[in-house]
Amino acid sequence: MSSPSIGVTLFSFTRDYRKHRYTFEELIRKVSERNLGGALEIVGFQSLRDYPNVSDETARRFRRLLDEVGLRPSALSGNIDAARLGARMMTHDETVEVIEAQIESARKLGYPVLKVQFGASADALEAALPKAERANVKLAVEVHSPHHVRHPTMLALRERFEKLESGFLGFVPDFGASMNAIPRSFLDHWRRQPDAPSELIDFTVGAWGRAHSGEADAFVEREQVLKKAIEMNAQTTVRLAWSAMTLYGHQRPADWLEIMPLVFHVHAKFYEIDDAGNEPSIAYDELVRTFRDGGYQGVLSSEWEGAAFLPDADALEMVERQQSLVSRILAS
Amino acid sequence: MYELIDGPLRRTGDGYEIPIRFDWYRSLPLSCVSVSVRFDGLPVPDDAIRFHVNERDYALDEMAALVDEFWFVLDAAKLRIRTEEPVVDGTHDVEVEIALRIPYLFNEDTGNVLTVWSRPRATMVLA
Numbered sequence: 001m002s003s004p005s006i007g008v009t010l011f012s013f014t015r016d017y018r019k020h021r022y023t024f025e026e027l028i029r030k031v032s033e034r035n036l037g038g039a040l041e042i043v044g045f046q047s048l049r050d051y052p053n054v055s056d057e058t059a060r061r062f063r064r065l066l067d068e069v070g071l072r073p074s075a076l077s078g079n080i081d082a083a084r085l086g087a088r089m090m091t092h093d094e095t096v097e098v099i100e101a102q103i104e105s106a107r108k109l110g111y112p113v114l115k116v117q118f119g120a121s122a123d124a125l126e127a128a129l130p131k132a133e134r135a136n137v138k139l140a141v142e143v144h145s146p147h148h149v150r151h152p153t154m155l156a157l158r159e160r161f162e163k164l165e166s167g168f169l170g171f172v173p174d175f176g177a178s179m180n181a182i183p184r185s186f187l188d189h190w191r192r193q194p195d196a197p198s199e200l201i202d203f204t205v206g207a208w209g210r211a212h213s214g215e216a217d218a219f220v221e222r223e224q225v226l227k228k229a230i231e232m233n234a235q236t237t238v239r240l241a242w243s244a245m246t247l248y249g250h251q252r253p254a255d256w257l258e259i260m261p262l263v264f265h266v267h268a269k270f271y272e273i274d275d276a277g278n279e280p281s282i283a284y285d286e287l288v289r290t291f292r293d294g295g296y297q298g299v300l301s302s303e304w305e306g307a308a309f310l311p312d313a314d315a316l317e318m319v320e321r322q323q324s325l326v327s328r329i330l331a332s
Numbered sequence: 001m002y003e004l005i006d007g008p009l010r011r012t013g014d015g016y017e018i019p020i021r022f023d024w025y026r027s028l029p030l031s032c033v034s035v036s037v038r039f040d041g042l043p044v045p046d047d048a049i050r051f052h053v054n055e056r057d058y059a060l061d062e063m064a065a066l067v068d069e070f071w072f073v074l075d076a077a078k079l080r081i082r083t084e085e086p087v088v089d090g091t092h093d094v095e096v097e098i099a100l101r102i103p104y105l106f107n108e109d110t111g112n113v114l115t116v117w118s119r120p121r122a123t124m125v126l127a
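Just so you know, the protein sequences line up as chains W and Y, in that order. Throughout the first sequence, residue numbering follows the numbering used here, covering 1 to 332 in sequence. Throughout the second sequence, residue numbering follows the numbering used here, covering 1 to 127 in sequence.
Hints are computed from structural coordinates only; laboratory data are not their basis. You may find that some hints are simply not true.
Partial list, computed: chain W residues near chain Y (C-beta under 8 Å) [to be verified]:
1. 18
2. 43
3. 46
4. 85
5. 86
6. 117
7. 122
8. 181
9. 223
10. 234
11. 235
12. 239
13. 242
What you are looking at is a predicted structure, and each value in this text was computed from that prediction instead of being measured. Note that CB positions come from ideal geometry on N, CA and C, so glycine has one too.
Next comes chain W alone, as it looks inside the complex (with noise of 0.2 Å):
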């Protein structure tokens, strides 16, 4: 049987990339220079500046770039913008549209999968599925903490996706929604911030526990952090309370046994790599068995979401620690 292989997608050098230091193509050159797996994902709303509607020209010297330095597309990840009016959601119609697309970019750029986001519903899934077909494109709906193969919407999605069999619709797992702890690294920044109350972040590292251990609700816990970062007027720091209780997921891995079949991608999601070459928050043995073991054969995409709690950690170097990880595992 054959295994997953290893791949990386270019999330994981945001900081690099945001502060000039490598272009899009520099980045790519550099993947394959350092040898970061075969395949490679990419970021539409990042990488490209006529995404989503991607012109012939963007998409010719894509492929020739990826052609000279010997990699292969593996998703394109694509955003279901589902809020982008704060007066209201987007209707079904317009989802389709920005599910059509999105098709219709990965299909330029050569890309077999395109990631979507839970914003997608079953039925816009269903109605762009004629398009995705027609142009060879899956669509792969992301699993993200705080969602998880059970949470309802994913159980309507996969409700919808066993009925049409259609080989086309399926999910994208991140390691990110089966963690143990809440990073380290992650803390210590968040302790850092000037306008960090400790009373609060003592209070979300008690209300991740609650949540983890299944005492609570993980989405009731959320919502109680947020209402109290709000009235401790810690605006600023809103954003790493919803983190600490959104990104840092508590579902078994072997609960992703559940949807194995309909896995299109993976997103190997990590946070830190410690000296004796693990990670520390996230049952890295445990999942990469069970993608392997469940008879997983696609890519395992390298995403390193750290960056901004290790501001000097290397990036390239991070990817490169975690795919010997990754790669030991396979081997055991």
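Please build the complex by placing chain Y on the supplied structure of chain W, with the hints as guidance.
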């Protein structure tokens, strides 16, 4: 952290302009961006501010509808501020609040959408 006030304070024909960036990993539609400014400690009226991006000026109250106009993640925008009197040369205290509504991060049950705020502040010299 990026420097969110990114570049010099410049005089314009009818006031001054402040270059700003935003702190998110991807481009956002202008409909998701709100800004406000304090200059030397005083609030600047919204209707004196124009948001300049993609080689165009936008009034703040027209941005809410602009779902297809994006602030690209690598670009600085300029806040172009009209003043009654010319601003004096020298040192000024500039404070900007940038609120980003993150359009794909919402709670299906409550309808709450994540908003992230930054409040960059800088002492800038107009010469």
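Checklist entry - Taking the least C-beta to C-beta distance, is residue 235 of chain W closer than 8 Å to chain Y? => result holds, 5 Å
Item to check | Restraint satisfaction for residue 239 of chain W [CB to CB of chain Y, less than 8 Å] | outcome: holds, 4 Å
Item to check | Restraint outcome when residue 86 of chain W is required to lie within 8 Å of chain Y by C-beta distance | outcome: holds, 6 Å
Next on the checklist: Next item in the hint list is residue 43 of chain W. Is there a CB on chain Y closer than 8 Å to its CB?
Outcome noted: holds, 6 Å
Checklist entry - Hey, does the residue 46 of chain W contact hint survive, CB to chain Y under 8 Å? => result OK, holds: residue 46 of chain W within 8 Å of chain Y, min 4 Å.
Checklist entry - Are residue 234 of chain W and chain Y close enough, Cβ to Cβ, to be under 8 Å, as the hint says? => result violated, 10 Å
Item to check | residue 18 of chain W as chain Y interface residue, shortest Cβ-Cβ below 8 Å | outcome: Nearest chain Y Cβ about 6 Å off; hint holds.
Checklist entry - Taking the closest Cβ pair, is residue 117 of chain W under 8 Å from chain Y? => result holds, 5 Å
Checklist entry - Holds or violated: is there a CB of chain Y closer than 8 Å to the CB of residue 85 of chain W? => result holds, 6 Å
Checklist entry - Can we keep the residue 223 of chain W interface hint, with Cβ of chain Y closer than 8 Å? => result holds, 7 Å
Checklist entry - Should the hint that residue 181 of chain W touches chain Y count as held when the rule is a Cβ pair under 8 Å? => result At about 22 Å, which exceeds the 8 Å cut-off, the nearest Cβ of chain Y leaves the hint on residue 181 of chain W violated.
Checklist entry - Does the CB of residue 242 of chain W sit less than 8 Å away from some CB of chain Y? => result holds, 6 Å
In summary, the numbered hints that this structure violates are 7, 8, 10.
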